[in-house]
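Asks: Chain by chain, the residues run as shown.
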Amino acid sequence: MGTMGVMAAFVLRRIFQAIIVMLVVSLLAFVMFTFVGDPIAQMVGQDTSLADRAALRDRLGLNDPIILQYARYLGNVVQGDFGISFRTARRVDVLLAERMPATLELALVAALYALLAGVPMGVYTGLYPDRWLSRVFQAVSLAGISLPTFFIGILLILFFGVVLGWLPTFGRGQTVQVGWWSTGLLTVSGLKSLIMPAFTLGMFQLTLIMRLVRSEMLEVLRTDYIKFARARGLSNRAVHFGHALKNTLVPVITITGLQLGSLIAFAIITETVFQWPGMGLLFLQAIQFVDIPVMSTYLILVAAFFVVINLVVDLLYYAVDPRLRMDSSAAGATG
Amino acid sequence: MAANQPLLQVNNLRIEFPNRRGTLVAVDDISLHIDPGEVLGVVGESGAGKSLTGAAIIGLLEPPGRIAGGEILLDGRRIDNLPYEQMRRIRGKEIGAIFQDPLTSLNPLYKISRQLVETIQTHTDMSATQARNHALDLLDSVGIPAASERLDAYPHEFSGGMRQRVVIALALAVNPRLIIADEPTTALDVSIQAQIIGLLRRLCRDHGTAVMLVTHDMGVIAETADRVAVMYAGRIAEVGPVEAVVKDARHPYTHGLMGSIPAVGHHVERLTQIDGAMPRLTEIPPGCAFNPRCPKVFDKCLAERPDLRPAGRTDVSCWLY
Amino acid sequence: MTKAVSDDLEIEPRLTPARRLVDGLRRFFDGDIWHSFKSSRITVVATVITLVIFLAALFAPLVSPSNPYDLATLNLLDAFTAPVWVDDTGAGFLLGTDDQGRDMLSAIIFGTRVSLLVGFASIFFAMVIGISLGLLSGYVGGLTDAVIMRIADIQLSFPAILIALLIDGVVRGVLPSDRHNDVAVWVLIFAIGISNWVQFARTVRGSCMVERNKEYVQAARVIGIHPIVIMLRHVLPNVMGPVLVIATIGLAVAVLTEATLSFLGVGMPPTRPSLGTLVNTGQNFLASGEWWIAVFPGLALATLVLAVNLLGDWLRDALNPKLR
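Protein chains in written order, with this note's numbering: chain A, 1 to 335; chain B, 1 to 321; chain C, 1 to 324.
Treat the hints with care, since some could be wrong.
What the hints assert, rightly or not - Here are the computed lysine-lysine pairs in the DSBU-like style, where the Cα-Cα straight-line distance is at most 30 Å:
id, chain 1, residue 1, chain 2, residue 2
1, B, Lys93, A, Lys227
2, B, Lys247, B, Lys300
3, A, Lys246, B, Lys247
4, A, Lys227, B, Lys247
5, B, Lys93, B, Lys111
Derived from the structure by calculation, the hints contain no laboratory data. Computed from a predicted structure; not experimentally measured.
When you get a sec, could you build the whole thing from the sequences and use the hints?
Replies: Take a look at the structure:
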């Protein structure tokens with residue numbers, strides 16, 4: 001029961017912090033929304049009279065006190081009303097909802113690939129730092145950190161798209177509608193189109209995960225409990241994968257979780273290179289056209305993703321590390 | 001004459017640490033043996049090479065440290081050059097180990113039960129249930145109260161002394177014939193030290209387990225050990241029965257060391273103290289390593305290194321004898 | 001009393017500057033850092049490459065075959081010439097030309113100059129903000145510290161590129177569009193600098209909190225020197241190592257961020273291209289086979305970032321042997 005109480009308090013505190021972060025971000029978004037550019041100028045034609053403009057300004061509530069405007073903005077946001085895109089004159093929420101499946105599928109596949117390749121590569125280089133394959137992995141990771149994402153994309157397009165002609169160089173291929181969600185995962189052309197963008201997007205995260213797992217592994221292998229596990233005669237497999245790997249998980253979960261969030265933001269670059277019709281491409285176009293409602297909505301959306309992911313990461317800690325599950329009084333006693 | 005064969009025999013062991021400025025010799029040509037069921041105390045200041053000797057015996061010398069010469073025999077069989085996998089089967093089963101810090105010796109993420117069971121199952125054919133029952137007996141035997149309730153606890157739920165008991169249970173899990181105990185009580189409260197040492201001594205006596213007790217605490221040695229080896233700067237200065245070494249030490253270093261223990265019942269004006277400090281491994285002088293600090297130093301000590309030779313009831317490496 | 005305190009503060013013996021320099025150099029070449037540098041062949045190579053690139057960028061007008069901005073020298077007939085080992089017309093452009101007949105090698109050298117300018121300036125900006133806020137946070141503590149560090153936490157959980165993009169977007173909205181190209185470089189420096197200050201601040205803050213309670217700071221207050229001044233003198237030398245490491249790796253990050261923004265079309269304009277702008281331009285000609293227009297600027301960028309990263313990695317290991 002104590003455990004549950006501690007857990008509940010922890011979760012509540014996290015949720016409270018998440019709400020604070022969301023309020024700060026929405027305030028930023030609101031400030032952008034309200035003070036950057038002139039919404040009236042965007043909405044009416046050149047020949048609208050000053051009086052008409054003033055009337056419109058009044059009707060939109062732009063003359064109300066700032067606090068009132070912010071409250072109204074928050075109220076709208078909570079109801080999913082993010083305003084109208086200046087550029088396309090369509091509802092922003094509809095616009096983003098259309099684009100979201102493309103970005104999420106891309107980010108998810110990229111994250112999976114980064115994890116499934118990055119963790120084993122990191123474990124291997126941590127366990128056998130002097131083997132030649134480790135050196136190859138290390139070189140790959142250095143390239144992954146140093147090669148700009150967009151350049152990796154361009155090289156892939158050049159080789160597999162232009163020279164070899166194996167894979168499509170832009171777009172999402174054929175998509176299938178599953179409810180409101182349009183997926184590219186169910187068609188051959190959709191999957192083929194996904195390969196290069198996902199590889200490009202995941203490359204940097206793969207590198208980060210690999211480097212992190214490697215350094216954590218090296219750290220953990222030096223600890224007393226690993227030495228003691230060896231002294232007990234446990235097999236290498238039990239020591240490495242039973243004892244060492246699990247102890248590297250906590251930092252790996254943190255970083256990977258945060259990386260999943262940044263994948264959605266980094267997708268802006270990949271989506272531009274491959275003309276992938278996702279939220280990132282929409283956001284970039286919004287910046288170029290100073291489409292403030294789309295920009296501020298994207299900001300809120302990405303922040304929401306981050307906050308949710310952070311929350312999930314915190315809960316995963318609980319699952320992995322028993323030391324966090326104890327009462328805070330006991331924590332004080334054992335240090 | 002198998003009965004007279006020592007359990008463990010170390011011959012001319014040399015441990016080196018190569019680094020970019022040259023090679024450090026951390027353990028220089030030492031020989032010792034441990035008989036079945038015997039407790040050998042190994043004392044010396046930190047850096048004297050006692051822990052490294054222990055690590056070399058269980059085959060867990062950390063790189064870049066390496067055995068550069070000599071041999072280690074268990075039951076007359078060489079174990080210092082065994083392939084990793086064969087040595088692994090000896091660790092835990094034939095030779096157990098206990099380390100200094102009980103707080104960090106246990107994996108924080110796993111229950112005690114899991115750590116005990118995996119050790120038992122690694123070395124025996126027991127089923128999971130049998131192993132669990134055995135684990136319970138072990139916890140009981142090391143004096144964990146309400147062992148059946150504590151079996152599924154995590155390490156952080158135990159105090160330091162209790163954790164060291166768990167560590168002892170793990171080391172004794174499949175009844176090894178030799179335990180390397182490296183400063184097993186140094187990290188514990190003084191009040192708990194005596195309990196842990198008492199427990200270790202009792203369990204080993206009951207099972208006929210030999211112990212190599214590495215410590216810098218002469219008090220612990222005097223109470224526990226059958227024989228003592230005194231190490232200084234990677235060499236053995238003196239070795240012999242505990243009571244002879246304590247009361248009738250020959251080597252000037254041992255002499256100084258014994259003079260520094262306050263003895264109960266004897267009234268001493270002041271404790272003696274050895275001047276100076278043990279030299280760094282890079283600065284060991286030629287001849288006898290103790291010569292810069294030795295009150296009885298003479299010409300030969302500066303030129304030639306003394307070998308271990310019998311003198312009185314102990315073996316001493318000193319030119320005085 | 002005042003006299004005694006100020007004597008205490010005099011820590012280093014007075015030596016002539018020349019003598020100090022000689023001593024310092026000797027200690028450096030005898031020391032572990034120099035040794036670790038010499039024994040790491042890859043670091044030496046990275047240093048040489050970095051130096052070559054820096055010097056080429058610095059002396060761009062002298063070393064590049066032509067001035068890519070001088071429209072008078074451009075000849076449209078030279079457009080799309082392939083690199084010299086592919087080209088059979090004998091035009092003699094080492095890395096080929098772009099769509100306007102501009103020599104790619106010259107464009108790359110001048111582009112590197114722009115990239116490095118933005119990189120250095122923005123990391124310097126980040127350093128100034130980071131160190132100031134770190135000192136403030138560590139010295140004042142309390143609410144100021146809490147607010148600054150919370151902002152840092154929140155900012156750190158968002159990728160720098162997103163923050164830079166947002167700042168760029170906002171500036172676009174505030175400024176009239178015809179002014180945008182003129183101020184692009186300043187916007188970039190500001191945006192990239194702002195998105196990288198946090199690590200500097202954290203490091204300085206940590207060191208500052210350690211120093212704050214030491215006696216010499218109290219003593220300084222007694223003799224009327226403002227504690228901030230005295231702390232600057234003592235905290236800064238302590239954090240020089242970490243700050244140098246952060247700045248080196250930060251330079252690589254800043255150059256990459258600039259390149260990415262320019263590639264996305266919101267960074268340096270085509271009239272004053274950085275390496276990222278060049279890749280962006282070249283991307284349009286990939287499908288038609290003129291691969292060199294995008295690939296060579298990209299390679300130059302990757303080489304630069306790789307070399308600086310290697311240098312930063314080595315520096316971190318050399319200054320902090322505990323972390324491998």
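Asks: Work down the list of hints and note, for each, if the structure agrees.
Replies: Going down the list of hints, with the structure as the test:
{"no.": "1", "hint": "B:Lys93 to A:Lys227", "in the structure": "16 Å, holds"}
{"no.": "2", "hint": "B:Lys247 to B:Lys300", "in the structure": "27 Å, holds"}
{"no.": "3", "hint": "A:Lys246 to B:Lys247", "in the structure": "51 Å, violated"}
{"no.": "4", "hint": "A:Lys227 to B:Lys247", "in the structure": "37 Å, violated"}
{"no.": "5", "hint": "B:Lys93 to B:Lys111", "in the structure": "22 Å, holds"}
Comparing the model with each numbered hint stated earlier shows that hints 3 and 4 do not hold.
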